[in-house]
Each structure stands twice: as C-alpha cells, then as structure tokens.
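Undergrad: The listed protein sequences derive, respectively, from chains A and B.
When you line the first sequence up against numbering that gives the first Met the number 0, it's residues 0 to 250, in that order.
When you line the second sequence up against numbering that gives the first Met the number 0, it's residues 0 to 250, in that order.
Rather than coming from a laboratory, the hints here were simulated on the basis of the structure.
Some hints here could point you the wrong way.
[Said to hold, decoys possible] Using C-beta positions, here's what the derived DEER-type ranges look like:
#1 Ser44(B) x Gln7(A): 49 to 59 Å
#2 Glu207(A) x Ile58(B): 47 to 57 Å
#3 Ala2(A) x Val67(B): 56 to 66 Å
#4 Ser26(B) x Gln197(A): 26 to 36 Å
#5 Lys218(A) x Gln7(B): 35 to 45 Å
#6 Gly214(A) x Arg10(B): 45 to 55 Å
[What the hints assert, rightly or not] Anything over 10 Å on all C-beta distances counts as not near chain A; from chain B, calculated:
#7 Glu1
#8 Asp55
#9 Ser152
#10 Ile160
#11 Gln163
#12 Glu232
#13 Leu234
This one's a predicted model, so the numbers in the text were calculated from it and none came from an experiment.
Even glycine gets a Cβ: it sits at the ideal position worked out from N, Cα and C.
Number of protein chains: 2
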Amino acid sequence: MEAISSVQNPRIKAWKKLQKKRERDRSDLFLVEGEHLVEEALKASVKVKVIIIREDRDIPKRWLVEDVELVYVTERVMAELAETETPQGMIAVCEKPAAENILFESGRYLLLDRIQDPGNLGSMLRTAEAAGLEGVIFGEGCADPFNGKVVRSTQGAIFYIDVQQMDLHDAVDRCRENGVPVFGTSLNGSTFSAIEPQESFALLMGNEGAGVEPGLLEKTDQNLYIPIYGEAESLNVGAAAGILIYHLRGD
Amino acid sequence: MEAISSVQNPRIKAWKKLQKKRERDRSDLFLVEGEHLVEEALKASVKVKVIIIREDRDIPKRWLVEDVELVYVTERVMAELAETETPQGMIAVCEKPAAENILFESGRYLLLDRIQDPGNLGSMLRTAEAAGLEGVIFGEGCADPFNGKVVRSTQGAIFYIDVQQMDLHDAVDRCRENGVPVFGTSLNGSTFSAIEPQESFALLMGNEGAGVEPGLLEKTDQNLYIPIYGEAESLNVGAAAGILIYHLRGD
Numbered sequence: 000m001e002a003i004s005s006v007q008n009p010r011i012k013a014w015k016k017l018q019k020k021r022e023r024d025r026s027d028l029f030l031v032e033g034e035h036l037v038e039e040a041l042k043a044s045v046k047v048k049v050i051i052i053r054e055d056r057d058i059p060k061r062w063l064v065e066d067v068e069l070v071y072v073t074e075r076v077m078a079e080l081a082e083t084e085t086p087q088g089m090i091a092v093c094e095k096p097a098a099e100n101i102l103f104e105s106g107r108y109l110l111l112d113r114i115q116d117p118g119n120l121g122s123m124l125r126t127a128e129a130a131g132l133e134g135v136i137f138g139e140g141c142a143d144p145f146n147g148k149v150v151r152s153t154q155g156a157i158f159y160i161d162v163q164q165m166d167l168h169d170a171v172d173r174c175r176e177n178g179v180p181v182f183g184t185s186l187n188g189s190t191f192s193a194i195e196p197q198e199s200f201a202l203l204m205g206n207e208g209a210g211v212e213p214g215l216l217e218k219t220d221q222n223l224y225i226p227i228y229g230e231a232e233s234l235n236v237g238a239a240a241g242i243l244i245y246h247l248r249g250d
Numbered sequence: 000m001e002a003i004s005s006v007q008n009p010r011i012k013a014w015k016k017l018q019k020k021r022e023r024d025r026s027d028l029f030l031v032e033g034e035h036l037v038e039e040a041l042k043a044s045v046k047v048k049v050i051i052i053r054e055d056r057d058i059p060k061r062w063l064v065e066d067v068e069l070v071y072v073t074e075r076v077m078a079e080l081a082e083t084e085t086p087q088g089m090i091a092v093c094e095k096p097a098a099e100n101i102l103f104e105s106g107r108y109l110l111l112d113r114i115q116d117p118g119n120l121g122s123m124l125r126t127a128e129a130a131g132l133e134g135v136i137f138g139e140g141c142a143d144p145f146n147g148k149v150v151r152s153t154q155g156a157i158f159y160i161d162v163q164q165m166d167l168h169d170a171v172d173r174c175r176e177n178g179v180p181v182f183g184t185s186l187n188g189s190t191f192s193a194i195e196p197q198e199s200f201a202l203l204m205g206n207e208g209a210g211v212e213p214g215l216l217e218k219t220d221q222n223l224y225i226p227i228y229g230e231a232e233s234l235n236v237g238a239a240a241g242i243l244i245y246h247l248r249g250d
C-alpha cells in the first residue's frame, strides 16, 4: 500500500483539523495518539474508524480488524498530524462515544467548573474512572475532554467513563432533587475527613485559580476543605480531586 | 536604566544557560518565572539575586529591596530567557537553598524514584509541602527539582520544603534504622485505607510507567495499593501521592 506523502492530501488536511475543538464538535471525531492509547481504544467500546501509521512502523496483527481502515503515511505527514514532540507513528481517528443522558438518580459523579489545564483534566478523568464513578460532567468553560493532551493524560480512562457537557447549575439542581448530596470545594469549607463515605455523591471541583463559582457553592449540601499544614495556599486540583474522591467513596 | 537588547549580552547568555540542569548544578542558581512566583520567592527565605524585567512592565514597589539587582530587558531578550509561551515579563535568578542534611530520625518524608514528568513532580512537591512533610527525597533518575516547569508546577511550594537528592536505598535504610516506617507503592500491596495514620513515615512513589524499583519494594515495612474499581490500570502518580500522603498523615 502506498504511503500518503503530501500534507496537502485532503484526508490528511481533514484529520489535521481534528486538533481543533471546533472541528471535533462538528464531526464528532477525535484523535488518539500513540501505540498504547490506540490499543486501549481498540479494546474499549470506542469506534475506531481509521488507524494512521507511519510507513516504517509495523502494525500489531491484533489491530487488523474489520471496519478499521489502515492508512500509511510518510514521516513528514505523521509529524504534521501528531501533537507530541516525538511521535510514536500511530494515530487513530475515533468516533466520540454518544453522550449518555446522565439522570443523577443515584451514583457518584464528578462535576468540573472551568478546569483549564489538560493535564489536570486528564488526571481527574483517570481518577474518576479508577474510582468507579458513574460520570464526569464538564461545565461551560472547561477545556475539551477530547483535546489530544487530555486524552493522553487519561491513559485511556476516557474510553471507559461517561463524559457529559452540561450546565452545572442544572446538574446540581438535579442531584439535589434526587437526594444525591452535592459537595463543593472551598477554602471556607469543612474539613473533608469529618465527612463519612457516601453511597451517592456529586463532587464539584473548580478552576485552578478561581476555584468553584460562588453561586454554585451556595447551592451545595456542604463544602469541603483539605487542611493545609504548610505555607501553600492550596493543592493542585488533580491531587485534591484524588484525595476527595477516594475519601468520599470509601472502601 | 537602559534595557539590555542583545541576546548575545554575556549576562543574558549566562542566565539562558540556567534552563539546563548542568548549569544549575554547576552554579547553584535557578530561574523563577512569572509575577506570582517571583513574589513568592521574595516572601520565602530564598535568596533572590537578580530580577529581570521586560522594559514595558512596572515593578511592584515592594520588590525594591536591598541586595536584589533589577535588570531591564527588551521583549526579544525576555522571550529568549522565558520558558513559557506567553511570558509575563518577570524572571528572578535565585540561589538554590542549601541542601538540608535530612537525618530521618522522625517525621514524614516523600521519597521519589525516577519520576519523569515535571508536572507530576511539581504537584507532589506542592502536596508534600501543604501536608507539612519534613522533606522530599529525589532519587537518581528523577527530573531536576529546579527545572523551570517543576518550579512553576509547585506554585511556590518548592521555596518552603526541604528537597534533597540522595540514593533511595540509603534513605530507606536510614528510616528503618531509626524506626520510621517505610511504605512503598505497588499493585501487589495492601489496601491503603487499612493502614492507620502515622506520626512518622516515609512514602515511596515510583516512575510513571515502571513504578517503584523492585529492590526498594523488598526493603519497605509495607507496600500500599489504591484499589481500582474501573478499567484503569493505575492512577496518575501525583493524584496517588495526594491520596496516600493525606491518608497517612491523618488529621
């Protein structure tokens, strides 16, 4: 099979556009880069449409599955499509999973208010999936969950956890109507370790600089605080989410 | 005062070299970038030698302190010295704090085995400082704690916590001799939440891919595991460190 060698090739140009949120939103497709992640996408229920391979790479035999098109490209074309500095030479074009309509009747949820850093978002999705949460809600102003850096930071967890974008006031209201306790995070909150583990909960984490929107904090059942024993003002939001999720979940 | 406009200026060239670990090791200096971090460095006990300012920026009056030299530079020179994509126009040249000689007689410590990602290292230093740990030990093969991205990810916590580079086998041996219990982290470990909070402890976190070196895991008092309820194989190391540090510390 001949490798595509031109970055002007219309398919290459179309895939390159998937590096932008607008095009991911329009097409419901996203890019998955790197051998481990492509492997995870194939193992998960994600629909892989195309695997793009640099011509010098071998393809694992288990990747030769029906309905997945293989496209070989030159090193130059791969460098154009890859978002990492030292590309591994494998990128999958995947369909975004259909958004679940989360009802918040019971279960455990993570609600994200304007989280900006893709590494923090990826770490939180990974923790939420590992802890067995039912879903992660992205409020307006969060970075896109299908951003390449977010996807890579999840180490594949994004293929397994339900992600939904919705207004956080609506999400909090629904939780409260259904008796799912909502916990905000605030420097003025109660020490988290005094709260017992919960069968159902929604945990609300906020922007790296500004924290959770005050209007949301007023609507919660309780706001939590992680005690600081040093000079730091706060913790990294990904570390804080890990501490709170595993505490609220219990064993 | 005239702004330095040439990237060939010998002082600019010398400061630029501080982006490399070798030069930081040789000179015992490091760079602190951004207004908030420079402010934190001045507030902390860190020795600030020079503040480099882009000529269009105003300098806060409280920064005009004895022993700190101010150097103005053009936008082009600032772009050369800055490591961030949108520089704030302020960089401090600081002396590394003198390495404490940690004795491990009692207290709480974080031991890091070949942690590679600067964001993860920064997050862990920030959590360790926030939780009031006595020190963080960098084993061989870790990224440099004075790497610019690490420093920025600590949000200033690195100015307040003792950091020491040493052989981890030596550190573990000293802890055990002094009766400080050492906890490794391993997929074959015991569930962390069964362990009671500890007055003194050393927690050993390992490389993002390979985990803690098996030879070290054999020497610990106990190895801990964070239960996974989803499909993920593991957690982000910064999130995992947060969960374990706050659990072991207790209230």
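Undergrad: So which hints don't hold here, by number, going up?
TA: As far as the earlier hints go, 2, 4, 5, 9, 10, 12, 13 are violated by this structure, in ascending order.
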